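Here the protein sequences come in this chain order: E and L. Start counting the first sequence at -5; every next residue gets the next number (this note's numbering). Start counting the second sequence at 28; every next residue gets the next number (this note's numbering).
The set of hints was computed from the structure by calculation and includes no laboratory data. All of these numbers come straight from a predicted model, not from anything done at the bench. Hints are not guaranteed to be accurate.
As the list claims (entries may be wrong) - Computed Cβ-Cβ distance ranges for the label pairs, DEER-style:
| id | chain 1 | residue 1 | chain 2 | residue 2 | range |
| --- | --- | --- | --- | --- | --- |
| 1 | E | R216 | L | L415 | 19 to 29 Å |
| 2 | E | D200 | L | A397 | 48 to 58 Å |
| 3 | L | W136 | E | E77 | 23 to 33 Å |
From the three backbone atoms N, C-alpha and C, an ideal C-beta is built for every residue, glycine too.
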Amino acid sequence: MTTDAPRRLRVLAAMSGGVDSAVAAARAAEAGHDVTGVHLALSENPKSFRTGARGCCTIEDSHDARRAADVIGIPFYVWDLAERFREDVVEDFFAEYEAGRTPNPCLRCNEKIKFAALLDKALALGFDAVCTGHYATIVERPDGGRELHRASDMAKDQSYVLGVLDDQQLAHAMFPLGDTLTTKAEIREEAARRGLFVAKKPDSHDICFIADGDTQGFLAKRLGRAEGDIVDESGTKVGTHEGAYGFTIGQRKGLRIGTPAPDGKPRYVLDISPVDNTVTVGPAESLDVTALTAVRPRWCGAAPTGPGTYTAQLRAHGGETEVTAEPADGGLLVTFTEPVRGVAPGQAIVLYDGTRVVGSATIATTDRARVRIP
Amino acid sequence: MVYLDHAATTPMLPEAVQAMTAQLTVTGNASSLHAAGRRARRTVEEARESLASALGARPSEVVLTAGGTEADNLAVKGLYWARRDADPARTRVLASPVEHHAVLDAVEWLAEHEGARVEWLPVDAYGRVHADALREAIARNPDDVALATVMWANNEIGTIMPVRELAAVAAEFDVPLHADAVQAFGQVEVDFAASGLAAMTVSAHKIGGPYGVGALLLRREYAPVPVLHGGGQERQVRSGTLDTPGIAAFAAAARHAVAHREEFARDIGALRDDLVKAVRAAAPDAVLGGDPDPAGRLPANAHFSFPGCEGDSLLLLLDAQGIACSTGSACTAGVAQPSHVLLATGTDADLARGTLRFSLGHTSTEADVAALAEAIGPVVERARSAGLS
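Isolated chain L, as found in the complex (with noise of 0.2 Å):
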């Protein structure tokens, strides 16, 4: 199989594999007194500081989760709920109209149930909100913002924001500022003191780490109103039971991701390259998606517009033929929407329906990019006979 789709999910690396597997036999809460729990408590703990250290953060500002969907939901809600309670009048959240779902939707919860006033940053071609964008919004009345939340790097056409920029503009008004890194980390530097985030959600399994654990990085001086109420584990911000085995396999990846990120950057962004090439040889009028300046996006992503195509039909055809990617947007009961992201960066509706991500991962060869490449055009020649249904 041709596998172009880690974005989605990349496969476990060898030493989170054998971090998980040698506490999976471990008995121990780490919540509890005793020895056993002594003893996954400090696996736990070894491994809240491996994490902290590769993302620049106190091991204290760690707040394990059970996902990047949970951390998403815990700094958005969570933050939102505090900044309320602290003062009425705070009930305006800033977002990006390109979050992740994790965020969006969560954002659109709090409008719909909790009176917040949502206000969409405007963002540019690429999808890239600007600092003053940022500025002009929270400057129009600095006292009711509760929160702004802005991506560290799209999922979809993977802009890279520039963070610490907003972040700047965030802390002058002392304004939190949250930033989805799932698809950051590991990719580019992420550094989470520098970056002067508030709060910062990052996922295991987006970096060769298990399924179902993830973190939010958490400046101590913030304390989110829990979505999980219980032992009172994480600061009392995340109640549950501690997932060890999981914790440690995240550090493990996490290690190696910050190890390798400058020559997987190197390697595997020449290999998006070679990529975005082939595609365009095979399909010239594809329309590659996010900034075209390789400094400016992930290097693992590619993404492109097919006129004329339905992502659906594009999707079907390589996965027919052994190649795994994605069209990039949300499903509705498997039915593909068009792209959020798109549509916010302008992108006409009939040419945001024939979209394909490949996103490119640790595992990912030449052999991966010539099967594309010489697969793409028949493919892209039959999707648009098919047309838009």
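Only chain E is shown next, with the shape it has when bound in the complex (with noise of 0.2 Å):
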């Protein structure tokens, strides 16, 4: 990737606070980059700044990010993107939840924050690149036009949520750390060597503007509670729940259904229907997939005229599966070539042919799954 690129180019660093993207920031700097550090400010309340809780954008990310800049010897701002991030992503994820899907924010911040907003901006200012912590490959093909690969390192690999960056993003775009063979350890390692004190600072896992974890709080104080049924396949109520939009496909806990199975086979949650608010439970096997449409489709590179087989990820840390994918009704029409379980509408399909991302589209409806995306 870049980082060894003969050209000195003006990069935007985005910097969380975590060791990531300070050891990224660290490397592009030394490839001899003229690098910029920047944190991105996406709570729109100033008073959760002050509130010190893990996530994002609290007082103590913005400082642990401006001492790693301080260490690397670049120049640091603080961005307020907040109101951006609201409306793009906040806003987004209730509405995906509220319709019966569900959202993946961090695929969104990506394409509509980190390489939109933040792009933009930097692009305007006269930088080159923006750098992240994403662990990522970007190939550059002999024609100049640019790839995007999974990380040489798969357990680690973060390509799906970047999956929906487009060719002018991914031209745009540097991630140093996903070009090398390294476990978070040596990561970690790397970081204290440079003098980063973020180098033992713990991951953050969950969403990052929902501070305590608790997305069912969340949602709920948004949505308030809206009563329904829990059905079964057939129709029967089996049970009630506070608000549809607190399910996501394939879910088996927390649906605290009072009559057992007749079967006695734990049940999933199979649909989520908004329009009546309800939701269908039913056995592991009901989950099967064998197609799906999705809508949205992004293209790293020319759009694919005809039915393709690839290999597709259909949620974060998920596994690889084999799909036909054909371009229909300016959407996606994929099949699978052995059923899947748990595909929620909402979550992105990335497709891959070997280990380059060719593209993206968002689950809109499953042979299974009733919910449909307007």
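Using the hints, put the two chains back together into the complex; each one sits in its own frame.
This is how it looks when you write it as structure tokens:
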């Protein structure tokens, strides 16, 4: 990738305050680029800067990022993208859950914030690229085009959440961590060696704007409680819920169904229907999906014109599965070679050709789920 | 580096460095009774006399603090508590809305925690409080006013307040008036006795002294309730071991500032005028903040709003070229907030986002202004293309 690029680039390094983005910025600077660090303030309520809760954009994270930038010896600023983040990520998160879908806000943030709002501003200010601590690899083709590939270390690969990037976004992206086979421990060692005290900072896992990790509580506060029925596949009521948005397809825990299934086996969420506020449950085998449609396809490179065979990833940290995908009605029609389970509309499907990201789209319907994207 | 942020802090003067370093290796607590203590006390008291003389005050009116913020807090909170203790009806605090956060936040804290009723005094388009406005506010009920506070000169847009007139109005009603003179000291004539103020804040590092030293000038009839309790130093108003090296250096800087004030105002004022011309030539739609009349603003201050630009972007682009300045407004966790000063002057909220404050000082040169003159045009153009995010 570009860390050994001959050209000295003006690089804007997005620094969350965590160890990965700090090492990424340090590597970019070490490679000879002219690097400026920027921390994104994404929380709109200034008070939440002071809660100190883990997540993102607490005052502590901002301070950690600033300290790392000082150690690396690069300028550092905090940019307030809270309004854009609320509009494009948080509101979208609510709307998707309300519609019975399961969004991936990290993907959305990469698409709309880091490689849109941030990148646009960076380019306008004269920067050439935005650098992040994502684990993914950019390969330059001989024709000058760029390909996004999985990280060398499959276990840490984050190409799934970057699958939404198009050619233009990719052309200005830099992922210094993606092309080296480094364990997290080695990244921490490298951080320590570089004098970055974030070396020992714990990883962040949950959704950054839900500081206490309680997604259901976060949704309930905004969307309110709306009691509805939990039914089995025959339509027989087997329980009640306090809001259909609180469920994800494939979910097993927290259903609180009083009556056991006739066969005594566990039941899973099969469908979520916001229209009649109904959640349908059933046995694991009913989760099987053999085909899906997806909308808003985004391609890294030229869009395919006909059907093709790919491997697909259906959720962050999910495995690969073989599919046939073809463009249809401006979207995508995907058929699975083997049935897969627990496919949730709202999540992204990312298509790969080997390690190369071909494109992505948002799952709209499955031949199992009743949820429809309008 | 082109340093155009002297209002944030200015390089220490050689005489201040000398005065400070001379004391750093001398042992002695100014409160101790032995010879070492007496020696330290002598240094402190000589410095106090120097400061008093530089500021038109009596030595007993100089309460030494660990900086401007502390002096502001002592004045605002301490006078509020003392006045309210003397008469529980006195809970009204009159303040200009363009104060530095050291005053603004102290006042708001009193409202949130101590039952103060805050009235923000009206300001004109230059951020100036007029004596009539203060009179009108006090006269509504002179008996319930705890204190009034109006800065001597504004730190963002440089507007000088009519301090004497304001103090005269306050005195008519026996209301103590405090002024934060941190930016004014060294740039305009600051004479505590002549001003008629009850209390006045100054800070060392804005005039070429060290960080962490300041003073509250306090008329002798006022005994604010202390913010810091302890050994009872400084008229029982401000406890804490006196910082002999810092205080000696503060006094050295103050002597220099007063001795060179007129020449500073003339020379730096002329340089500032050049800077304003250069910025206007390069960015014709730039809006000068504060009073356009040089007599009404600090000689070292220039403040602009650049339509369609984000102050952050302007600062980043200038910083990348080695030019240091400020957006002028305060940050919350590093995020620049729209300037409360500009909003108080009625400036459009979008315009208030695109501000830069250039502040000159004793090390400023024509080359600094020339460097800015060359850089500012393209920087504004580029920042404008990045727009308001």
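So, going through the hints one by one against the coordinates:
no., hint, result
1, E/R216 <-> L/L415: 19 to 29 Å, "holds (28 Å)"
2, E/D200 <-> L/A397: 48 to 58 Å, "holds (53 Å)"
3, L/W136 <-> E/E77: 23 to 33 Å, "holds (28 Å)"
Violated hints: none; the structure is consistent with every hint.
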